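Undergrad: Sequence:
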Amino acid sequence: RRDWVQFDPLWDLLAACHMSADETDADSKLEKAYPPRWWIIRAFWQGKALRKFFRKLDRHYRLDWASPVRYGKKGKSGGNPPRLRMKNKNNPKVDLREVPVGLWRNCYNSAFLATLRPDELRRLQIIDKDFDFTL
Numbered sequence: 001r002r003d004w005v006q007f008d009p010l011w012d013l014l015a016a017c018h019m020s021a022d023e024t025d026a027d028s029k030l031e032k033a034y035p036p037r038w039w040i041i042r043a044f045w046q047g048k049a050l051r052k053f054f055r056k057l058d059r060h061y062r063l064d065w066a067s068p069v070r071y072g073k074k075g076k077s078g079g080n081p082p083r084l085r086m087k088n089k090n091n092p093k094v095d096l097r098e099v100p101v102g103l104w105r106n107c108y109n110s111a112f113l114a115t116l117r118p119d120e121l122r123r124l125q126i127i128d129k130d131f132d133f134t135l
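Just so we're aligned, residue 1 is where the sequence shown starts under the UniProt record's numbering, counting upward by one.
Think of the hints as simulated: they come from the structure by calculation, not from any bench. Small disclaimer: the values here were computed from a predicted structure and weren't measured. It cannot be assumed that every hint is accurate.
To be verified - DSBU-like mimics (lysine-lysine), calculated; alpha carbons at most 35 Å apart, straight line:
(1) Lys-52 to Lys-129
(2) Lys-93 to Lys-52
(3) Lys-129 to Lys-93
(4) Lys-93 to Lys-56
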């Protein structure tokens, strides 16, 4: 909707399996909140700049869903609201998701890269430039 075409090269290299995951706020139906909260499970390979960019996109999406009039629609978007995804500061979770190849250096977490052998680093084909995440 926003014509953010400058991010197309990034989207071409990412798939759903590269994103963070999430889990609901409680195991018991008695404890569940409405709308439900979803705790973010961070993908270990993702760098801080990329994670911040994804969180900003999440916020824009929630605002767009709540105020579609900006885009010429008459009323609120139909269906369920977007997930309320939150960082779990008390029990943050990280998982080892599939790692995309060929991203810019600021897309990767330096702590993750430090765990790799030299041949694994080469296979990632990291672009030796920073990606511009400016919205």
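Undergrad: Identify every previously stated hint that the structure contradicts and give their numbers, smallest first.
TA: none
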